[in-house]
Structure formats: C-alpha cells, structure tokens
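With the hints as constraints, model all of the structure from the sequences given.
For the sequence shown, the residue numbers in our numbering are 65 to 546.
Certain hints may be false.
What the hints assert, rightly or not - Restricting the straight-line Cα-Cα distance to at most 35 Å, the calculated cross-link-like pairs of lysine-lysine (DSBU-like) are: (1) Lys304 <-> Lys498; (2) Lys399 <-> Lys377; (3) Lys299 <-> Lys498; (4) Lys498 <-> Lys540; (5) Lys304 <-> Lys371; (6) Lys410 <-> Lys371; (7) Lys520 <-> Lys540; (8) Lys399 <-> Lys410; (9) Lys253 <-> Lys304; (10) Lys299 <-> Lys540; (11) Lys540 <-> Lys304; (12) Lys299 <-> Lys520; (13) Lys335 <-> Lys377; (14) Lys540 <-> Lys183; (15) Lys540 <-> Lys253; (16) Lys253 <-> Lys299; (17) Lys410 <-> Lys183; (18) Lys253 <-> Lys377; (19) Lys335 <-> Lys371; (20) Lys377 <-> Lys410; (21) Lys399 <-> Lys520; (22) Lys498 <-> Lys335; (23) Lys371 <-> Lys183.
Claimed, not checked - Computed spacing ranges between beta-carbons, pair by pair: (24) Thr189 <-> Thr441: 54 to 64 Å; (25) Arg125 <-> Ser192: 20 to 30 Å; (26) Glu443 <-> Ala273: 26 to 36 Å; (27) Met202 <-> Leu487: 40 to 50 Å; (28) Arg485 <-> Ala262: 50 to 60 Å.
Don't read these hints as lab results, they were simulated from the structure. For every residue, glycine included, the Cβ atom is placed at its ideal position computed from N, Cα and C.
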Amino acid sequence: MGIEASTILIDGVWRPSRSGATFPVTDPASAEVLGHASDGDAQDVQDAIVSASTAFETWSRTTAYERAAVLTRAHRLLLERHEELARLLTREQGKPLRAARTEVTYAGDFLAWFAEEAKRISGVTIPSARADQRFLTMRQPVGVVAAITPWNYPISMITRKLAPAVAAGCTAILKPAAQTPLLAVETLKLFLDAGLPAGVINMVTSRRAAEVGDALLESPEVRKLTFTGSTAIGKMLVQKAAPTLKRVSVELGGHAPFIVFPDADPEHAAKGAALVKFLNTGQACISPNRIYVHRSLYDAFLETLEKRVRALKVGQGEQEGVSIGPLIDDRAVAKMEEQVSDARDKGARVLVGGDRVAVDGLAGTTFYAPTVLADVTPEMLISVEETFGPIAAVTPFDDEDEVIRRANDTEYGLAAYVYTRDLSTAIRVTERLKFGMVGVNDINPTSAAAPFGGVKSSGLGREGGYEGIDEYLDTKLVGIAI
Numbered sequence: 065m066g067i068e069a070s071t072i073l074i075d076g077v078w079r080p081s082r083s084g085a086t087f088p089v090t091d092p093a094s095a096e097v098l099g100h101a102s103d104g105d106a107q108d109v110q111d112a113i114v115s116a117s118t119a120f121e122t123w124s125r126t127t128a129y130e131r132a133a134v135l136t137r138a139h140r141l142l143l144e145r146h147e148e149l150a151r152l153l154t155r156e157q158g159k160p161l162r163a164a165r166t167e168v169t170y171a172g173d174f175l176a177w178f179a180e181e182a183k184r185i186s187g188v189t190i191p192s193a194r195a196d197q198r199f200l201t202m203r204q205p206v207g208v209v210a211a212i213t214p215w216n217y218p219i220s221m222i223t224r225k226l227a228p229a230v231a232a233g234c235t236a237i238l239k240p241a242a243q244t245p246l247l248a249v250e251t252l253k254l255f256l257d258a259g260l261p262a263g264v265i266n267m268v269t270s271r272r273a274a275e276v277g278d279a280l281l282e283s284p285e286v287r288k289l290t291f292t293g294s295t296a297i298g299k300m301l302v303q304k305a306a307p308t309l310k311r312v313s314v315e316l317g318g319h320a321p322f323i324v325f326p327d328a329d330p331e332h333a334a335k336g337a338a339l340v341k342f343l344n345t346g347q348a349c350i351s352p353n354r355i356y357v358h359r360s361l362y363d364a365f366l367e368t369l370e371k372r373v374r375a376l377k378v379g380q381g382e383q384e385g386v387s388i389g390p391l392i393d394d395r396a397v398a399k400m401e402e403q404v405s406d407a408r409d410k411g412a413r414v415l416v417g418g419d420r421v422a423v424d425g426l427a428g429t430t431f432y433a434p435t436v437l438a439d440v441t442p443e444m445l446i447s448v449e450e451t452f453g454p455i456a457a458v459t460p461f462d463d464e465d466e467v468i469r470r471a472n473d474t475e476y477g478l479a480a481y482v483y484t485r486d487l488s489t490a491i492r493v494t495e496r497l498k499f500g501m502v503g504v505n506d507i508n509p510t511s512a513a514a515p516f517g518g519v520k521s522s523g524l525g526r527e528g529g530y531e532g533i534d535e536y537l538d539t540k541l542v543g544i545a546i
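Right under this line is the structure:
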C-alpha cells in the first residue's frame with residue numbers, strides 16, 4: 065500500500081514524529097509491509113496535550129446539537145467508506161473480511177448512538193431544607209481524555225471511546241495499538257472530514273507504549289484515561305493515573321465461562337459455542353475460555369462442536385470462505401502451543417487441531433489450527449489463564465453449585481454464557497455469576513445501546529449505553545440563595 069509515515073495528528077495537521085522515526089506495519093497473513101507509521105515519543109505527546117487543552121476551551125462550550133451534528137456526519141461518512149475501511153482492517157489486523165465488515169458497522173453504531181446521547185446530557189433540581197435556597201446540578205465534560213486502544217478491534221474500540229468523549233464536550237489524545245495504526249488514521253479522517261475542529265482529537269502513533277503512556281498519565285492536563293487491553297497493563301496504568309487523580313475507565317481481560325445445562329439443546333449450544341469461541345480467531349475478550357457441559361449432554365455437544373470446527377477454513381481474511389485468520393504475532397502462537405501441550409500432558413484429548421499450520425501461498429507464520437480440547441480439568445493452564453486464540457476447552461460437570469463455583473473461580477469477570485430452556489435456571493444462575501455481562505442462549509450480548517464492561521480484574525466503568533457518556537462527565541452542584 066505504501067502508506068506514508070505522517071500518521072501523527074496534532075491540531076488538525078498530519079505530521080511525522082519529531083524524531084523522524086517510523087516503524088513498519090505488516091499484514092499478519094502475508095507478512096507484506098503495508099506502510100510505515102510515525103513512531104511518536106514524549107515530545108509528540110506534549111504537543112498533543114497542548115493542542116487538546118487549547119481546543120477544550122472552545123469545544124467544551126459548543127452546544128450538544130453542534131456536537132451531535134459532527135458525529136452524525138462522521139457516521140454517514142463511515143457508511144460511505146464502509147468497504148474501504150473493512151478491507152484495510154482485514155489487511156492490517158488479519159480478521160476475515162466478513163467479520164471486518166461487521167466490526168466497521170459496529171464502530172458506526174457508536175457514532176450514531178452518542179450523537180443522540182449528546183442531546184440527553186442533563187442535570188436535576190434538588191429540594192433544599194431552606195426556603196431561601198435552591199439546588200441544581202450541571203453535567204460538564206471532564207477535560208482532556210487519553211484514549212489507548214487495542215489491536216483486536218481496532219476501529220470499534222476507537223469510536224466506542226472517542227464518540228462519547230466528543231459528545232460530552234471533551235477533547236482527546238488517541239494512542240492506537242502499534243499493530244493497527246493505519247486504520248486509526250482512516251478513522252480519524254472521518255471526524256476531520258465531518259467538520260470536527262482542529263485539536264479536538266489528536267493522535268500519537270508509536271511503538272513506545274511505555275514512554276507515550278507515561279507522558280499522558282503524568283500530565284495534570286489530562287483528566288481522564290480510557291484503556292482497553294490486558295489486565296496487567298491496565299492495573300499498571302491505573303496506578304500511574306493515581307497521582308493526578310484522573311478519572312479512569314478500563315476494559316481488561318476475560319476468562320468467560322460457557323455453561324450448558326442438562327435441559328439445553330446440545331446441538332444448538334455447540335453451534336453457539338463455535339461461533340463465539342472462534343470469533344476473530346478467538347482474539348476477543350468475551351470469547352469463552354472455559355466450556356462446561358452437563359455430563360448428560362457431553363458427548364452430543366462434543367460431536368457437534370468437533371464437526372463445526374473441522375469445517376472452519378484457515379487463511380487470509382480476503383479469501384473466499386475463510387473464517388479463521390492469523391493470530392496477531394508469534395508470541396500469540398507460542399501461547400497456544402504452550403496451553404495445548406500442557407493440556408495434553410495432563411490428560412486432555414485433542415479432538416481437532418492442536419498445531420500451528422501453514423497456508424499455501426502466504427508467508428505469514430502465525431496461523432494456528434482451530435482446536436477442540438476435551439476432558440479439560442482445573443489443573444490445566446488453559447483453565448486459569450486467558451487463551452486469546454482459537455482453542456475451545458470443554459469440561460463435563462454434574463452439579464449446578466459445582467459449575468457456578470468453578471465459573472466464578474477466576475480473577476476475571478467480564479462475560480459469561482448460559483444455555484438453558486428453563487427460565488428459573490437462567491435467572492438463578494445469572495444472578496450468581498460474578499461477571500459484568502451474561503448471555504442467556506445468546507452469544508452476542510453487546511450493542512452500542514448497551515453497557516459493556518466487567519467486574520473484578522476485568523475492568524472499571526462501562527462503555528456504550530447511556531452509562532458510556534457518564535464516564536466523560538463531571539457533576540457540578542450549584543446552590544442558589546434567593
């Protein structure tokens with residue numbers, strides 16, 4: 065593609081890094097260099113902070129209708145460029161084109177949703193005990209936002225953070241994942257072409273995550289951090305945000321249980337498990353990591369799951385019929401190999417897959433066969449750490465209390481799934497599961513209109529829904545003596 069390296073956006077102008085340093089961006093399927101991105105550093109971050117702070121003075125005073133209009137125009141432009149964005153997403157990140165198209169649509173949903181939420185920001189009046197006093201509240205933007213986004217959903221995570229920030233009247237500095245900076249450039253062009261004023265959104269692309277992150281977190285001008293990524297990094301960022309008491313929302317790792325109760329249809333449940341487990345080649349924080357199936361349905365479930373997984377085609381995302389793309393890098397593949405080897409050594413059966421694969425005509429080395437492990441036990445590595453790859457680990461269970469205990473036995477608490485045809489079971493189990501989201505006979509409990517987020521070590525705060533904009537607003541109390 066030969067994309068040039070002026071990928072840093074400061075005050076509405078695309079420019080190279082101050083140092084002139086760049087880094088290559090590659091297609092993980094073909095190993096082709098797609099282009100180069102500017103390798104920003106702390107100096108570039110300081111420029112972005114000055115730009116965002118200056119722009120905040122005017123953007124924070126615009127009307128909700130003005131902000132909504134920009135987001136609505138950005139949504140319209142996204143729809144016009146939908147296919148172009150999806151194809152770049154597939155090339156840069158590796159996911160199959162069909163999934164890329166779905167993600168671009170999802171990214172647009174956040175623009176449309178928060179365009180409307182901008183007009184629903186409101187305060188309240190509060191009765192006073194004094195006859196000569198009145199109370200009211202105002203909701204005002206928190207200030208400059210630092211947004212750090214991941215590579216696995218590189219466009220929808222940008223709009224999920226920037227759309228509510230813009231709607232609330234904040235300004236922002238985006239640090240996208242180093243693996244997917246080119247799509248971030250195209251995403252920010254949507255905002256600029258929609259008429260967003262210079263400086264409201266700035267971006268620093270960089271491979272120097274620690275240096276850029278520290279510069280953002282140490283600045284007292286940056287009043288909020290929003291981050292999606294690993295739990296280990298998220299915890300570190302929260303600690304670094306503490307000295308300046310920034311507002312923080314973080315969406316971190318997951319270790320989702322998928323529970324199939326004895327009254328469920330095992331074929332239907334297995335089809336659902338295959339769809340959500342291998343979504344984005346398993347590189348999704350809501351992918352089920354631990355699949356618990358009642359022993360009475362175990363064999364029937366495995367038979368359907370194995371059949372469906374054997375039919376999955378591995379390859380480059382733009383190839384016809386491909387549903388499993390490459391993993392993001394060699395470290396990810398090494399993790400798959402470690403988890404499968406550990407499970408084999410401890411008695412798990414490999415029903416399908418279990419190995420790295422090569423794809424004819426492609427130079428990429430990070431393809432891993434979609435895999436089904438049966439008879440997985442709690443002692444296995446895959447039972448205790450997030451997989452983030454195309455391995456379905458299945459375990460039988462006998463008792464409801466037992467499976468709930470095992471499902472909750474994790475530091476993570478993002479998503480969980482329950483398959484049952486009994487309403488009482490669905491409600492009872494949902495209430496007992498310690499997770500922020502539960503899908504009941506539903507593998508996609510997400511929407512721009514719904515709050516997304518976890519509990520425990522899976523994060524703080526919520527994204528999407530009406531709660532999503534609250535993360536970018538402060539409440540000011542006004543007391544008036546009359």
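Hints and how they fare:
no. : hint                          : in the structure
1   : Lys304 <-> Lys498             : holds (27 Å)
2   : Lys399 <-> Lys377             : holds (21 Å)
3   : Lys299 <-> Lys498             : holds (20 Å)
4   : Lys498 <-> Lys540             : holds (33 Å)
5   : Lys304 <-> Lys371             : violated (48 Å)
6   : Lys410 <-> Lys371             : holds (24 Å)
7   : Lys520 <-> Lys540             : holds (29 Å)
8   : Lys399 <-> Lys410             : holds (17 Å)
9   : Lys253 <-> Lys304             : holds (31 Å)
10  : Lys299 <-> Lys540             : holds (29 Å)
11  : Lys540 <-> Lys304             : holds (26 Å)
12  : Lys299 <-> Lys520             : holds (11 Å)
13  : Lys335 <-> Lys377             : holds (16 Å)
14  : Lys540 <-> Lys183             : holds (18 Å)
15  : Lys540 <-> Lys253             : holds (34 Å)
16  : Lys253 <-> Lys299             : holds (31 Å)
17  : Lys410 <-> Lys183             : violated (56 Å)
18  : Lys253 <-> Lys377             : holds (34 Å)
19  : Lys335 <-> Lys371             : holds (10 Å)
20  : Lys377 <-> Lys410             : holds (29 Å)
21  : Lys399 <-> Lys520             : holds (24 Å)
22  : Lys498 <-> Lys335             : holds (25 Å)
23  : Lys371 <-> Lys183             : violated (49 Å)
24  : Thr189 <-> Thr441: 54 to 64 Å : holds (59 Å)
25  : Arg125 <-> Ser192: 20 to 30 Å : holds (29 Å)
26  : Glu443 <-> Ala273: 26 to 36 Å : holds (34 Å)
27  : Met202 <-> Leu487: 40 to 50 Å : holds (43 Å)
28  : Arg485 <-> Ala262: 50 to 60 Å : holds (56 Å)
Hints 5, 17 and 23, counting from the list given before, are not met by this structure.
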